[in-house]
Every structure is written in C-alpha cells, then in structure tokens.
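Given the sequences, and given the hints that come with them, work out the whole structure.
Protein chains in written order, with numbering that gives the first Met the number 0: chain A, 0 to 359; chain B, 0 to 487.
If you're looking for bench data, these hints aren't it; they were derived computationally from the structure.
List time: in silico EDC-like cross-link candidates among lysine to aspartate or glutamate, alpha-carbon distance up to 16 Å:
1. B:469 / B:440
2. A:326 / B:181
3. B:300 / A:174
4. A:326 / B:183
5. B:13 / B:93
6. B:300 / A:220
7. B:307 / B:236
8. B:174 / B:215
9. B:174 / B:186
10. A:326 / B:454
11. A:326 / B:186
Simulated coverage check for chain B against chain A, where a stretch passes if three residues somewhere in it have a Cβ under 8 Å from a Cβ of chain A:
12. 158-170
13. 293-300
None of these values were measured; they are calculated from a predicted model. Ideal Cβ placement from N, Cα and C applies to all residues, glycine included.
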Amino acid sequence: MNSRDLSAVLAEQVQAAAASGSRLSLQGGNSKSFMRTNAAADTLLSLQEHRGVVRYQPVELVITARAGTPLTELNEVLASRGQMLPFEPPHFGPTATLGGTVATAQSGPGRAYYGAARDFLLGCRFINGRGETLRVGGEVMKNVAGFDLARLMCGAYGSLGVLLELSFKVLPRPECNRTLLLEHTEADALALCQQLRRRAAPATASFYHQGCLYLRLSGTEAAVSAAASTLGGQMLAADGDIWRLVREQQLACFNAAQSLWRLSLPVTCAPYPEPTLWEWNGSQRWLFAPSDSSGPERWAREHGGSATLFRNRSERDLPRFPALEPKLADLHQRIKRALDPFGVLPPCPYLPAEPVVHAD
Amino acid sequence: MHQSRSPDTQRAAKLAPGFRTLIGSDAVLLESEDQRPFECDGLPVYRQLPLLTLLPADEQEVRDIMRYCHEQGIAVVPRGAATGLSGGALPHPDAVLLSLTRLNRIIAIDPVAGSARVQPGVRNLAISEAAAAYGLYYAPDPSSQIACTIGGNVAENSGGVHCLKYGLTVHNLLKLTLVTPEGERLELGSDAPDTPGYDLMALLTGSEGMFGVVVEITVKLLPLPPCTRVALADFTDIKRAGDAVGAIIAAGIIPAGLEMMDQLAIAAVEDFVHAGYPRDAAAILLCELDGSQAEVDAQMKQVCRVLKQQGARQVRLARDEAERLLFWKGRKTAFPALGRIAADYYCMDGTIPRSHLAAVLTRIAELSAEYGLPVANVFHAGDGNLHPLILYDANQPGELERTEELGGRILELCIEVGGSITGEHGVGMEKLKQMCAQFTDAELAQFRQLRDAFDPDQRMNPGKAVPDLKRCAEYRALAPLAGAQGKP
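Structure below.
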C-alpha cells in the first residue's frame with residue numbers, strides 16, 4: 000500500500016494558481032468522470048498520488064486517510080479489523096478515491112439505515128482558494144468548535160477546497176448479514192419498508208425492481224434470524240454480491256439507459272408513474288430514460304424531493320442539477336467567494352455555468 | 000464575575016417604539032428590571048443587560064424584526080431557553096435580545112415519515128413526549144432536555160448521552176427555515192435524504208446564531224426501541240474503567256449509551272438521589288443497549304463478560320424499568336448533585352480520543368492539586384466527551400479567575416492529545432481564548448469570511464464563537480505553549 004504526503008506541493012500549486020489567476024480542475028481516480036462539468040480549466044490538479052491511511056485506531060472508531068487513498072484500500076484496512084464505512088459508498092470504478100467520494104457526496108445501500116457520507120465525516124484538512132491549508136472538525140465523535148466546514152465539503156465537488164485528509168467515524172461490521180427476496184407490488188413493497196422502519200427492524204438495506212423487494216437484515220445472528228422468520232420470503236445464498244451490483248449500477252437496467260435520473264424523495268412518496276429501481280426504502284429512485292426529460296424534475300419537486308441527471312449518455316448537454324431559487328443561489332455565490340475569492344477552484348456545480356470567455 | 004457594560008438607555012428608548020409597532024407593546028422589554036431575567040444563560044459568570052428584549056410570537060414577527068434591524072443597523076442576539084453553558088446566548092449591550100420561546104408550537108408530527116415540524120422554542124423533551132403517542136422519539140437528549148429548546152439545540156449542535164449510536168443534532172434534522180440577517184426567508188434541506196446544493200444544513204447546525212435565526216425545524220423521529228437494558232459496573236481503578244470502554248467497542252458493540260463517573264461524582268450523586276451506585280468505587284460505568292429483544296439479550300451477555308474480564312468488581316443489570324431510570328437519574332443529576340457539595344461549580348466540555356483517557360484524568364488530577372480546586376469527572380465515555388466539573392467558591396476573591404485558568408488548561412490538554420475544546424456546549428463567550436489554541440489565524444480568518452457570507456454587517460450574535468485576531472495575539476503572547484502547534 001502506497002503512502003505519500005503531497006500536501007505541501009499541492010498547496011504550492013494552488014498558491015501559484017491564485018497568484019496567476021488560473022483555474023484548476025481537480026481529479027482523484029477519475030472514476031466519476033461522468034459527473035464532471037464542462038467548466039474550462041487551465042491546469043489539472045491530480046490528487047491520486049496524495050494517499051495513504053494517516054491514523055487508524057480501531058478502538059476509537061475513527062480513521063484518517065489522505066484524499067487520494069483508493070476506496071478499495073480503505074475498505075480493506077477497515078475490514079481487516081472488522082470495521083466498515085457504514086454509508087457504503089459506490090466506487091463506479093476500481094480507482095475511486097476517498098476524496099472523490101466526499102467531493103461528490105456518494106452514499107450506497109446502507110445510507111437509509113446508518114446515514115450518509117456527511118454523517119460520518121468528522122473533519123478534514125483542505126486547501127482553500129487562497130492556497131492556505133486549513134484543518135476543520137477533528138478526529139473525535141463530538142466537536143462543535145468552529146463552523147462545520149468539513150461537512151460543507153461533502154457534495155461541493157471541490158468548489159470550496161482541495162481535500163487533503165479526511166477523518167471518518169467507522170462502525171463494527173455486523174456479526175451477520177442476510178438478504179431476503181420478497182415478491183410484492185411496488186406499493187406493497189413501499190408500505191412494507193415503512194412498517195419495518197417503524198418497528199425498528201434490523202433492515203439495513205433495501206432495493207426494489209420489477210416486482211422483487213430485496214431486504215438486507217443485519218445484526219447478531221439471533222436478531223437476524225428472528226426478523227427473517229417473521230418476514231418470510233426467500234433467503235439468498237450469496238447475499239453480498241447483489242448489494243455490490245446495485246451499488247455499482249452494474250445491473251443491466253442501469254447500462255441500457257441513455258440518461259439515468261436519480262430521484263431523492265421523501266420516504267412516504269408514492270410510486271413514480273413509470274418503472275423505477277429504488278433503494279433506501281423508496282427515498283432514492285433510479286429512472287431509466289424517461290419519456291420526457293423535464294418530467295422527473297417536475298414530478299420530484301411536486302412530491303417534495305429533487306431529481307438529478309446522474310448519467311447523461313445522450314448528445315444533449317443538459318444541466319445535472321435543478322436550478323436553485325435566486326436567494327439560495329446568491330448565498331451559494333457568497334459562500335464560494337468566502338472560500339475561493341479568486342475563482343481558482345472548480346465552479347460551484349449548483350450554479351449556472353459562467354459563460355466561457357476566450358482569451359483571444 | 001466578568002465585567003458588563005450598561006446599554007445606552009437613550010438609544011434603547013428611541014428604538015423601542017419602532018419594535019412596539021411591529022410586535023406590540025407587551026413584547027418589547029425596555030426597563031432593566033424587566034430585562035434582568037434575560038441577562039445571562041447557563042453560564043452565569045457572564046451577565047449583561049441587552050439594549051432591548053424582544054418576544055416575537057411567530058415567524059412573521061421574527062422576519063419583521065430582522066428586516067427592521069437590518070434597516071436600522073441593529074445587532075441581534077438570538078436566545079432560546081438559555082440553558083447553554085458557554086455564554087452563547089449572553090446579551091450584548093449594543094444588541095437587541097431576540098427571545099424565541101414564544102414560538103413554541105409543534106406544527107405537525109408525521110408518524111409514517113418519522114418526522115416532526117416544530118418551532119424553535121419547542122422544548123427538546125416536548126418533542127419526544129408528543130411523539131410517544133406514535134411510538135416515536137427524538138434521539139438527541141442533552142442533560143437540560145426538560146428545559147432546553149430545539150432552536151438552541153440547532154444553534155449549538157447539542158449532543159447528550161446517546162450520541163455514539165444516534166448522533167448529534169446535525170444527524171437528526173431534515174429541514175430548517177432560516178431568516179437571514181436581512182429578514183429574508185430561506186428553506187434548507189427537505190424531507191428527502193438529500194437536496195441539491197451545498198450542505199447548508201450542516202453549516203447552520205452549531206453555528207451559534209451567527210448566520211441568522213432559525214424559525215422552523217423538521218426533526219427526524221425514531222421508533223422507540225422494543226427493548227432497552229442498562230448495566231452498572233464498578234471499578235476500583237479508573238484506568239480499568241477506561242479500558243473497559245475500549246474493550247466493549249473492540250467487541251463490536253455500539254452501546255446506546257456509555258457513561259462514566261469518578262469517585263467524587265458518585266459520592267455527590269449518592270447523597271442526592273440514592274441511585275444505588277457503590278460509594279467506594281473509583282469509577283462506575285453505565286452501559287445501555289437497545290434494539291430487538293434478541294439483539295439486546297445477545298449483546299448484553301457479551302458486555303457483562305467483557306466488563307468482568309476488564310476487572311469490574313461487580314456488574315449489575317437493572318432489574319426493571321424503574322431501576323433503569325434510577326441508574327440514569329444518578330447520571331442525569333450529576334451536575335446539580337455536585338452543585339450541592341460546593342458553593343459553585345464550573346462545567347467543562349472537552350473531547351479526547353478515548354485511548355488517552357487514563358493519561359488525561361491523571362493530568363487533570365495533578366492540575367486540580369496544583370490549583371487547589373477539586374475536580375469531579377463525568378464522562379460520555381462512548382464518544383470521548385469529558386465533563387470535568389471544577390468545584391469553587393465565587394465569593395472567595397480570585398477563585399473564579401483560578402477556576403477559569405484551570406478550565407482553560409484542561410481544554411488545552413484536550414487539544415494536545417488530539418481532541419477538541421468543546422464537544423457539545425459550544426464556544427460562545429467562554430472558549431474564545433481556547434479557539435486560538437485549537438485553530439490557526441488562517442482558519443479563524445476563514446471562519447470569519449464564511450460568517451461574512453451570511454452576515455456582511457456582522458450584526459448576528461456579535462463577539463461570540465470566533466475570536467478576533469487581536470484577542471488571539473494577546474492570548475498567544477501570554478501562553479506561549481498553547482497554539483495550533485498542539486495539533487497532531
């Protein structure tokens with residue numbers, strides 16, 4: 000396992016960019032290139048070589064690693080001590096890094112039960128747009144000193160800082176995981192997931208597609224067996240793989256889609272008018288090639304959620320995120336300027352792209 | 000007692016009619032005898048009268064006040080129930096005090112979604128009480144939960160005794176409605192798991208009223224666990240108790256609550272509520288598990304085994320709900336219990352990596368002897384949040400100053416071992432000096448720039464949470480050892 004600290008070099012590069020007024024684009028393992036915006040940049044800052052676990056004491060339930068650390072490496076280190084990142088981030092490729100996971104706020108199957116990436120992030124070290132290296136948050140569970148800039152980095156796509164080091168709360172892997180397959184209509188599957196939530200059942204992951212509801216039960220052997228016997232259905236023999244396939248979007252339905260929409264919805268939301276694959280008790284839904292490209296966003300908004308164009312394989316250049324209301328957009332602008340006054344870092348992905356000015 | 004400054008009564012009298020027009024005469028307090036009850040929060044060593052005290056009744060009145068303050072350039076200090084322990088709600092002589100306790104309505108509970116929409120003045124415990132009818136509760140439970148408001152919890156990112164498993168306030172929120180310093184209304188978050196945009200919910204939580212006024216909050220509710228059990232273990236050696244905490248976690252168990260108390264705290268509690276703690280123990284641990292009956296039974300067996308292996312003299316399981324509540328009553332009344340045995344007490348709030356517990360407690364004992372002030376320790380052991388309580392007598396000249404200095408050294412000790420100066424009480428007025436030890440000038444400058452993004456006129460809760468550069472320079476000159484170099 001490689002370990003290398005490039006903090007000083009990276010800070011110099013950001014300082015140089017700030018001095019010359021050039022724009023940087025940031026890249027970890029380039030596994031999520033499909034999320035990249037077409038913003039103009041002068042220099043690519045690669046973070047892939049800035050890697051390695053910095054501190055890990057399993058009994059503290061905290062791990063600190065450099066942003067370029069591959070997710071696979073981090074997962075191996077944790078697994079060797081019987082622990083895990085509970086939000087189970089998708090990789091979308093073997094080179095995925097911890098920094099990219101945080102920058103794009105990726106969470107996987109465990110999200111509805113354990114929490115999201117931002118819930119487990121305790122602190123970080125980052126370079127702001129002035130080239131200053133700052134440390135916020137910490138390596139302890141509870142810390143309310145200073146504003147929570149660490150969680151602000153989650154989902155900021157590098158627009159507020161170059162992530163250097165990240166500290167996460169981790170959890171022990173459950174003693175036992177079992178997956179049940181139950182055949183249900185979509186409405187019944189949603190209702191069952193709601194019931195399970197209210198009963199505090201140990202259902203740590205769910206997904207539904209084409210009449211089949213998959214439920215993962217986790218905990219002690221005794222608790223899982225007790226829950227499984229009341230639920231019925233069919234218990235899968237090899238249960239790990241199905242969750243990896245969903246998480247990595249490797250089921251056939253994901254690949255066939257020209258455009259893949261992600262809907263984030265209240266957990267009580269009714270079925271979507273077209274077939275979807277859903278996870279997180281129905282609060283994350285994947286929509287394949289909708290008949291009308293403005294449909295998902297409108298429907299999600301009407302139902303108290305939002306829609307993101309997660310993968311766009313079409314020729315058309317469509318916005319990835321819905322537009323923010325003007326007052327909120329203005330606040331985003333001011334926060335961006337507070338951290339990146341010279342516009343050195345990538346643009347805020349939630350604001351309309353600024354027109355590209357050609358030097359000639 | 001720290002010095003206070005008299006507000007400009009002429010200015011107050013001139014401003015009062017404007018506010019009376021907006022929110023009615025009864026809701027504007029001008030006379031100092033009317034404002035006296037508002038002069039401090041849960042850290043009464045700081046007292047200060049505000050310019051005026053305002054008691055709006057609803058969101059619209061808050062917006063009207065904020066717009067008026069924006070136009071007139073008036074600073075604002077928001078306040079909930081003022082149970083905070085860091086002086087975060089301390090009034091400012093040039094600012095109006097905005098009390099939000101009249102916004103105390105539970106707007107709606109959605110039992111299917113598992114959420115409650117509430118106004119900021121609703122008490123923390125009132126949410127769980129209202130949700131109980133649906134078999135639900137709100138997880139974060141600060142010791143002050145009978146009195147503290149949810150708005151204050153958001154401002155401080157409050158914790159409690161169940162944080163290791165259920166998180167802090169920031170983990171239990173879905174939506175916030177913010178009135179900006181200009182009086183604009185912004186809705187942040189949603190009922191969905193995430194919302195496009197920067198994570199402003201996280202940024203707002205724990206921002207100590209520096210970014211605006213939160214006027215509505217949607218919190219997550221959790222199902223009441225079907226089964227809850229607590230074990231009480233006692234140790235003749237505090238280091239062994241600390242090691243036992245690590246051993247429980249190493250066994251792969253995440254307790255719902257894991258609390259430690261030292262001998263001085265145990266004795267005070269026993270005299271006060273007779274919780275059944277063994278008086279001769281050096282330390283006790285309370286370990287609570289919750290979940291399904293099968294899960295709790297299996298894990299409790301494991302916990303008892305681990306505690307015995309780690310040298311617990313005795314491990315007692317609460318026989319019934321009444322005894323479980325009694326065990327907890329001892330823990331939850333530790334502060335007032337200690338308040339009975341000393342003229343005054345000062346509660347600190349540092350966090351440390353748990354593996355440093357024994358070393359930190361030893362050092363605290365040394366410092367206690369050096370300053371001649373007894374220190375009792377109450378510890379959220381599961382999440383490394385230490386509450387040393389310094390016992391002192393404010394009527395003895397110089398004793399408060401010595402207490403504060405001792406407290407400051409304990410916090411610096413927390414930074415040295417890789418922890419933080421505050422786990423859940425906030426910085427407020429109290430820990431401005433230690434902020435200069437935990438953060439560099441560049442980090443503090445970044446916090447100020449971020450504050451300016453929300454509040455360019457710096458009218459929100461002025462003088463709190465983030466120290467100015469001058470103050471830091473003075474502090475660092477006096478304490479050459481303290482400083483950002485203490486960070487790992």
